[in-house]
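S.K.: The lines below spell out each chain.
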Amino acid sequence: MSDTPLFKVTIDNITVEVPAGTTILNAARKIGGDVAPPAMCYYSKLQGSGGKCRTCLVEVSKGSEKDPRPMPKLVASCRTTVMDGMEVKNITSPKVLDARAGVVEFLLLNHPLDCPICDQAGECHLQDLSYEHGAEGTRYEFQRRTFKKHDLGPYIQLHMTRCILCYRCVFTADQLTQKREHGVLDRGDHAEIATHIEKSLENDFIGNVIDVCPVGALTDKTFRFKNRVWFLKPMDAHRDCPNCCGKVTLWNRGDEVFRVTARKDEWGEVENTEDGKTAWICNTCRFEKKKTSDWVIEGPRLISRQSVISQGHYAGKIGTTKPHETFSAVHAGRSPKLLMDIHSVSEVNKPEVHLSLIEGPAHSTDFNTKKD
Amino acid sequence: MGVKLLLEKAHVEGIRYFDTYRREGGYRSVEKALKTMSPEAIVEEVKKSGLRGRGGAGFPAGMKWSFIAKPEGVPRHLVCNADESEPGTFKDRYLMEFIPHLLIEGLIVSSFALGSNATYIYIRGEYAWIVDILEQAITEAKNNGFLGKNILGSGFDCEIYVQRGAGAYICGEETALIESLEGKRGNPRIKPPFPAIQGVWQRPTVVNNVETLAAVVPIINMGGEEYAKIGVGKSTGTKLISACGNINKPGVYEIDMTISVEEFIYSDEYCGGIANGKKLKACIPGGSSVPILPANLLLKTAKGETRYMNYESLSDGGFATGSMMGSGGFIVFDEDQCIVKNTYTLARFYRHESCGQCSPCREGTGWMEKLLYRLDKGEGKLSDIDLLWDIQRKIEGNTICPLGDAAAWPVAAAIRHFRDEFEWHVTNAKEAQERNYGLAHYADPIHVPVAG
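Protein sequence lines correspond, in order, to chains R and B. So for the first sequence, our numbering puts the first residue at 1; every next one is plus one. So for the second sequence, our numbering puts the first residue at 1001; every next one is plus one.
I should point out that these hints are in silico values taken from the structure, not numbers from a laboratory. Each hint should be verified, as a subset may be incorrect.
Said to hold, decoys possible - Pairwise CB distance ranges (calculated):
id : chain 1 : residue 1 : chain 2 : residue 2 : range
1  : R       : Asn13     : B       : Ala1302   : 36 to 44 Å
2  : R       : Lys149    : B       : Gln1337   : 51 to 59 Å
3  : B       : Glu1305   : R       : Arg69     : 24 to 32 Å
4  : B       : Ala1128   : R       : Ser61     : 45 to 53 Å
5  : B       : Glu1072   : R       : Ser328    : 49 to 57 Å
6  : R       : Asp84     : B       : Ala1302   : 36 to 44 Å
Each residue gets a CB set at the ideal place from its N, CA and C atoms; glycine is no exception.
Make a model of the complete structure from these sequences and hints.
M.R.: Right under this line is the structure:
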């Protein structure tokens, strides 16, 4: 890789150097924080994915050093490669935010919004996306579309109404398994994920479609309605598996293993193992090994403090990562202008005291006496 | 009487068959091209001719040809886009049905120019009988040595294959067509890479409309510069217009792009006026996906100049007061036609034909259809009109392929020019079901502030 030239690209006033051929999205992910556009369909581990959901649209205000013309339309950052000297506007462009709000509205148009009964709630990308970019209410006054139910076998539950047709599961099945048995039938807003003529999905690695699904369209039948993800403690664990790498995340409550998933990084994608391969896991690991004794526990999984899953589980800073703050860099060194700093008028909620260290209901004395 | 280059011989008896076509001077361009010209010279001639793609976008054909990548040892392909599914457009069907050898001739010359040894005609499934006509024409051409190995001793091999589509509008989009040709689901690809670099089976490919490829024949016969003299400005040569709607003489007309819209509608040589002595209300000048124009803006541009039937004049004024040449599907509405209903019909079409790959088009087209249905039935609200505007604005330009734009433009233009008719459907809901809104409102240009 050393012979590929490095390109300088400026995204929201932050300049980063990336090798030629990198997409804008991956360059922005290198910066991290709010600068990285949301992606519902792009999955860096799957070839050919991306470009469909249109949530990652960005404005290219300067094409490159050689050709400084801006691009006429918003471009899908997941499928557009960077040029040297390119300038990209993501959260600094009102056009982008407007288009993104539109896309969120479109994605939620026929979405049932059944988060209270959805197993994906808490780790759903669509939830995050609509929380950040969505409107408070819908303008859609018609009946939402429904589908005939398809049974995909003993392990995978399909809720077609929740599907946003990102095609990730189709690419997964294409690229991971010997034979793809499911795909997209029909077109337009009645397109659906289905197996042709009621087949079950049977393949050693097909369980990975659950991990790649950004919404609750494909969920784990062995975990269905068992628990909410934020009541579970994710633990890294491994076992000697003859089929896959055997490196997984166990979702425990007490000593009980509720579900097993692949290890996901901060973008919700399956991580790479040390040898650079993607750590997909096999069906046996995922669905059959539900005892702590099957696994060698490595330790708690790192979870973003922003995630609902991190709530109240770990004492102190164990197992949580702080969000990456890009505000001042994006706004040319200016810090957010606070109308009132809560810490200067209140003695509670001091940032240096971690809430999870407090036993029982928080009290002002906790903040006065305890130091982290 | 305008110049005719494509349809001049279309009505000679038996022109569908090789012998008559050859006797009438057919396949001269193949002889000229393969015996006396180099492929680069042909591309140069097409560039000189200023021929613009006749499929809708109007991209210069010669330029498109010169973009094709020529890596060593990789075959190149020419694909003829005969998936003519745009409502209101039926020019390719006419050309292929009556004078199929013209297309075959154009294909041979173009294949030679582009170095394509396997050329495909992707034809829409509904044109089932034309497949037989084309296949017969191909067999005849092959039997007479114009196709197959070593054509006319030039050492150039070429085969033409006809592939039927399965009736999806989206497969007329060039990358969706390529996917479909490869045997996959007809979803448009994300560009770049463009087909000129990676097309059919990842090989460099040029996709051209039937009429564009047929127009190569007169260009080679008469020379690019001569061809460029026909027409006006950047609209060179002749264009087939398929006129339909409330006119006396619907049909396919070949025009040389110098006549005015008014002449085209009212002269006896062409459409022959509005049927039943009615008045002209509106017109979609280039196939269903281009913006509709009210009568006053159709005949005269916003500046008061006469509007002509060519690429520049029809798009004069941008989308605010102009439209597009598109694929030449000229749909005329008389005073009795309801624009709301028409817009609903188009929205229903685009909803049905959206491939469902990218979210704005998949969800937005369905939403627009439902809103328009409600408005058309007189159950709408005034806020629905603004909502429609907002939806189309969020679809346009944010999709993978132009189908999103094509779905958004008719709605946008209908609201832009006929907003009072939409409002009338809300305020006078009962009456709107019984009679159409008055024509008088469109006799003069109405000042339309561009919303949003």
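S.K.: Failing hints, ascending?
M.R.: Hint 2 contradicted; others consistent.
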